[in-house]
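**Student:** Residue numbers (my numbering), protein chains in the order written: chain A, 1 to 468; chain S, 1 to 468.
What the hints contain is simulated information worked out from the structure, not anything from laboratory work.
Quick caveat: nothing in here was measured; it's all calculated off a predicted structure.
A couple of the hints might just be wrong.
Copies of the same chain look alike in the list, so a pair counts if it fits in one copy or across any two.
With a Cα cut of at most 30 angstroms, we get these calculated DSSO-like pairs of lysine-lysine [unchecked claim]:
id: 1; residue 1: K71; residue 2: K242
id: 2; residue 1: K191; residue 2: K290
id: 3; residue 1: K140; residue 2: K256
2 protein chains.
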Amino acid sequence: MRRPTIRPALMLSSALVLGSAFSALAEMPEDVTHFTLDNGLEAVVIEDDRAPVVVQMVWYKIGAADEVPGKSGIAHYLEHLMFKGTDKLAPGELSKTVTANGGSDNAFTSWDYTAYFQRIASDRLPLVMGMEADRMANLKISDDDWQAERQVVLAERAQRIDSDPAALFNEEMNAIVFDNHPYSRPIIGWKDEIADLTREDAIDWYDTHYSPNEAILVIAGDVTPEEARRLAEENYGAIPAKGEAEPRMRPQEPTKQTERRISMTDPRVAQPRMIRSVLAPERNAGDQEKAAALTVLADLLGGSTQTSVLGRKLMLTGKALWVGASYDGLSLDPTEFTLSLVPPQGSDPAKAEAALDEAIATFLKDGVDEADLERVKTRIRAAQVYAKDSAHARAYDYGQGLATGLTVEDVNDWPDILSAVTADDVMTAAREVLGEGGGVTGWLMPEPPEEPMAKSAPPKPQTPEVQG
Amino acid sequence: MRRPTIRPALMLSSALVLGSAFSALAEMPEDVTHFTLDNGLEAVVIEDDRAPVVVQMVWYKIGAADEVPGKSGIAHYLEHLMFKGTDKLAPGELSKTVTANGGSDNAFTSWDYTAYFQRIASDRLPLVMGMEADRMANLKISDDDWQAERQVVLAERAQRIDSDPAALFNEEMNAIVFDNHPYSRPIIGWKDEIADLTREDAIDWYDTHYSPNEAILVIAGDVTPEEARRLAEENYGAIPAKGEAEPRMRPQEPTKQTERRISMTDPRVAQPRMIRSVLAPERNAGDQEKAAALTVLADLLGGSTQTSVLGRKLMLTGKALWVGASYDGLSLDPTEFTLSLVPPQGSDPAKAEAALDEAIATFLKDGVDEADLERVKTRIRAAQVYAKDSAHARAYDYGQGLATGLTVEDVNDWPDILSAVTADDVMTAAREVLGEGGGVTGWLMPEPPEEPMAKSAPPKPQTPEVQG
Chain A
1 MRRPTIRPAL
11 MLSSALVLGS
21 AFSALAEMPE
31 DVTHFTLDNG
41 LEAVVIEDDR
51 APVVVQMVWY
61 KIGAADEVPG
71 KSGIAHYLEH
81 LMFKGTDKLA
91 PGELSKTVTA
101 NGGSDNAFTS
111 WDYTAYFQRI
121 ASDRLPLVMG
131 MEADRMANLK
141 ISDDDWQAER
151 QVVLAERAQR
161 IDSDPAALFN
171 EEMNAIVFDN
181 HPYSRPIIGW
191 KDEIADLTRE
201 DAIDWYDTHY
211 SPNEAILVIA
221 GDVTPEEARR
231 LAEENYGAIP
241 AKGEAEPRMR
251 PQEPTKQTER
261 RISMTDPRVA
271 QPRMIRSVLA
281 PERNAGDQEK
291 AAALTVLADL
301 LGGSTQTSVL
311 GRKLMLTGKA
321 LWVGASYDGL
331 SLDPTEFTLS
341 LVPPQGSDPA
351 KAEAALDEAI
361 ATFLKDGVDE
371 ADLERVKTRI
381 RAAQVYAKDS
391 AHARAYDYGQ
401 GLATGLTVED
411 VNDWPDILSA
421 VTADDVMTAA
431 REVLGEGGGV
441 TGWLMPEPPE
451 EPMAKSAPPK
461 PQTPEVQG
Chain S
1 MRRPTIRPAL
11 MLSSALVLGS
21 AFSALAEMPE
31 DVTHFTLDNG
41 LEAVVIEDDR
51 APVVVQMVWY
61 KIGAADEVPG
71 KSGIAHYLEH
81 LMFKGTDKLA
91 PGELSKTVTA
101 NGGSDNAFTS
111 WDYTAYFQRI
121 ASDRLPLVMG
131 MEADRMANLK
141 ISDDDWQAER
151 QVVLAERAQR
161 IDSDPAALFN
171 EEMNAIVFDN
181 HPYSRPIIGW
191 KDEIADLTRE
201 DAIDWYDTHY
211 SPNEAILVIA
221 GDVTPEEARR
231 LAEENYGAIP
241 AKGEAEPRMR
251 PQEPTKQTER
261 RISMTDPRVA
271 QPRMIRSVLA
281 PERNAGDQEK
291 AAALTVLADL
301 LGGSTQTSVL
311 GRKLMLTGKA
321 LWVGASYDGL
331 SLDPTEFTLS
341 LVPPQGSDPA
351 KAEAALDEAI
361 ATFLKDGVDE
371 ADLERVKTRI
381 RAAQVYAKDS
391 AHARAYDYGQ
401 GLATGLTVED
411 VNDWPDILSA
421 VTADDVMTAA
431 REVLGEGGGV
441 TGWLMPEPPE
451 EPMAKSAPPK
461 PQTPEVQG
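From just these sequences and the hints, can you work out the full model?
**Tutor:** Quick look at the structure:
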């Protein structure tokens with residue numbers, strides 16, 4: 001995924017994202033069932049009876065990168081409007097009903113998908129499935145609601161993006177990382193374009209894309225596969241598909257020849273921070289090896305303060321206050337591999353960047369230390385075991401995987417593929433994303449003269465936008 | 001216009017572009033006639049009987065910035081296919097016929113328009129109008145032609161862009177100057193997208209956009225207005241409009257907070273060159289004053305080696321080998337104001353850039369020298385008088401103006417508006433485009449270690465792509 005827009009409660013640590021929720025067997029896990037209804041709705045059921053709760057997720061294979069130019073924000077705006085009711089449900093009634101039944105619900109939008117979920121006592125699964133199915137088929141966007149909700153979205157943008165220099169900076173980074181691919185677009189939309197979205201735009205988006213054959217249903221928790229399937233048939237089976245699901249074709253990035261730098265100064269920034277982004281391949285169905293090598297590479301370079309390659313070379317030596325590496329291949333189209341850096345307080349940022357460049361060059365020359373690689377892979381395996389404890393995280397893995405073009409088998413295979421990554425694989429991947437120039441280097445700087453620097457936590461260079 | 005894609009023969013010097021072809025009267029010039037046919041075709045006739053020749057231009061209000069994402073290059077590809085014939089005209093016959101009659105013809109595509117013209121003996125005007133009208137209504141794209149022509153376009157791209165580091169550099173500059181507006185897109189198209197264009201794409205483009213009510217006919221030369229109108233009615237009058245002409249709405253640029261730098265090194269580059277681009281308003285109908293001030297500003301800063309502000313401060317002092325400023329407001333949407341710079345041979349490029357920054361800062365502090373301003377305005381007036389000698393250039397002014405949203409009156413008014421620009425206007429405009437940070441600075445560099453630098457002509461920072 002590329003910086004998904006998820007609620008904090010849903011944010012998986014990078015370790016959890018690394019590990020899928022399975023032992024290293026490339027077979028369907030015993031507790032997982034997969035089927036497709038006649039109307040094209042693909043469903044995954046994960047049985048987990050350790051607690052009497054259940055999570056329902058519906059993932060629509062449509063997101064901000066599928067928007068028409070000039071209508072940015074429509075995917076996220078429609079996500080908001082999905083809470084506005086149907087003939088049976090008054091505006092807000094779905095969430096109120098979930099809460100009244102002791103559950104919680106939310107939704108999130110990314111470039112590749114828009115998803116809705118409820119977590120609730122397992123005996124209320126029929127209730128939430130009935131409501132979710134109802135709004136898949138029968139959403140009503142009334143004249144009263146659409147303008148008010150647009151204001152809500154604009155206020156959300158004002159608060160989360162326009163008043164946050166780091167968010168504005170990330171937005172512009174993103175825009176120049178991608179020249180042609182719509183990943184260049186902010187998920188929440190450009191302000192002026194949000195302001196121009198209409199009820200007709202929303203209805204058109206819903207009518208075109210909210211269809212069972214463009215959705216994935218994931219049920220995880222205390223429910224048998226038989227019961228889940230029966231409920232899926234009962235609630236979703238009668239919803240007709242809106243035509244054929246079209247292949248998701250998007251403009252792709254051309255090969256780039258230039259190196260790019262971007263900088264922004266803002267008095268609200270406490271200390272300088274750098275992010276460097278290069279394009280990297282994503283996980284593809286039946287072809288996840290390169291993405292696995294990049295996943296291991298990111299962890300090896302920046303996964304741990306004390307033991308990662310860059311942590312040892314830069315943080316432990318005082319050359320950087322913080323350094324990180326990040327990659328997540330759950331993306332429909334090619335994504336980013338990023339490095340991030342916070343210079344030591346009061347130091348010259350250029351010196352810290354040079355030290356990072358030197359550390360990377362040394363790594364490319366010296367190659368992977370096998371003990372490092374084994375340690376990282378052990379951590380990844382451990383994370384997989386821990387992740388199995390969370391039915392919610394497992395539901396997320398399948399939902400996000402299927403929404404970004406993978407199969408259930410790809411999701412199942414991922415741990416094995418990660419385990420099989422060799423030092424050669426890592427170095428080949430490293431040379432591809434770090435060996436040549438290119439990419440975008442961004443610096444977010446305090447306004448000079450610099451304010452006294454605040455003590456601050458390590459930055460999150462790819463802060464997910466929180467939406468819902 | 002923004003770096004139009006015109007044949008060298010059509011390239012107007014910046015002085016010619018500055019001056020429209022009229023004396024400074026905001027009335028319809030005596031020799032110009034303007035009318036619209038019932039089917040929506042707008043026509044401008046410029047009578048000029050000094051030579052027995054005539055130019056016919058048809059400008060379609062459709063260009064690369066109107067393309068659908070993923071289909072870049074379709075506007076230019078269709079321009080090529082327009083030479084493929086009709087039921088009456090065999091492929092290539094139009095051009096052959098023009099040549100056989102002693103004339104010349106060509107076509108060009110830009111972001112905002114696609115235009116076709118012939119220059120021929122005035123008694124052959126009916127012949128070329130008949131053929132141009134025929135392909136407006138009856139283009140045939142045969143199964144034999146479309147793939148071969150796509151190869152021609154790919155070869156054109158390979159030659160003009162992919163084998164030219166300056167062109168590749170300009171292409172990427174452009175992509176990061178515009179985050180959201182489709183001016184970010186290369187007119188000729190991204191290579192992989194050209195390769196995927198189909199016959200259906202071309203037919204759809206033609207059927208949707210090649211309509212008399214989205215076109216402008218300009219006839220300039222040895223023809224009376226009455227005769228031109230009669231011929232226009234006779235040839236174009238019966239072509240039905242394809243529906244209502246839709247307003248040309250495009251995604252607009254968000255406000256930017258960052259400064260951006262881009263660099264590229266290539267062994268084929270003889271010496272370093274810099275271009276800096278900031279967004280600037282364009283000429284708008286009834287609102288051309290800011291664009292006039294920017295036009296004067298560009299000429300004042302960089303219009304002449306010996307006497308321009310930057311020429312005196314940088315070139316005459318040896319701080320730069322070449323420096324220029326460029327602006328052209330004939331654009332449908334906001335455009336660019338650019339500065340360009342070639343450092344002295346063998347010098348540190350950063351030093352030359354710093355000298356440019358200092359020269360700009362001094363100019364912003366000291367303001368306009370009134371004698372400079374008068375000299376520039378005199379040169380502009382002189383250029384207008386000279387330009388009147390070229391019926392072709394006058395046709396170009398009206399065609400391009402009307403194709404980018406201006407009225408005939410706006411084109412007529414332009415010389416007066418330029419003449420009325422004051423020192424205050426220039427400085428207000430200068431502060432807007434040069435006063436704050438922001439913008440994109442690009443450096444195109446020789447591969448280090450630098451080759452011995454070749455003696456070379458001043459660069460053309462906004463080299464028009466030649467297409468046709």
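**Student:** Compare the structure with each hint and give your call.
**Tutor:** Here's how the hints hold up against the structure:
In this assembly of identical chains, K71 and K242 lie within 30 angstroms of each other by CA distance both inside one copy and across copies; the values are 22 angstroms within and 26 angstroms between. Proximity of K191 to K290 under the C-alpha cut-off of 30 angstroms is restricted to the inter-copy arrangement: shortest distance 25 angstroms between copies versus 37 angstroms within a copy. Taking the shortest alpha-carbon separations for K140 and K256, neither the intra-copy value of 45 angstroms nor the inter-copy value of 37 angstroms comes in at or below 30 angstroms.
Violation of the numbered hints given earlier is confined to hint 3; every other hint is satisfied by the structure.
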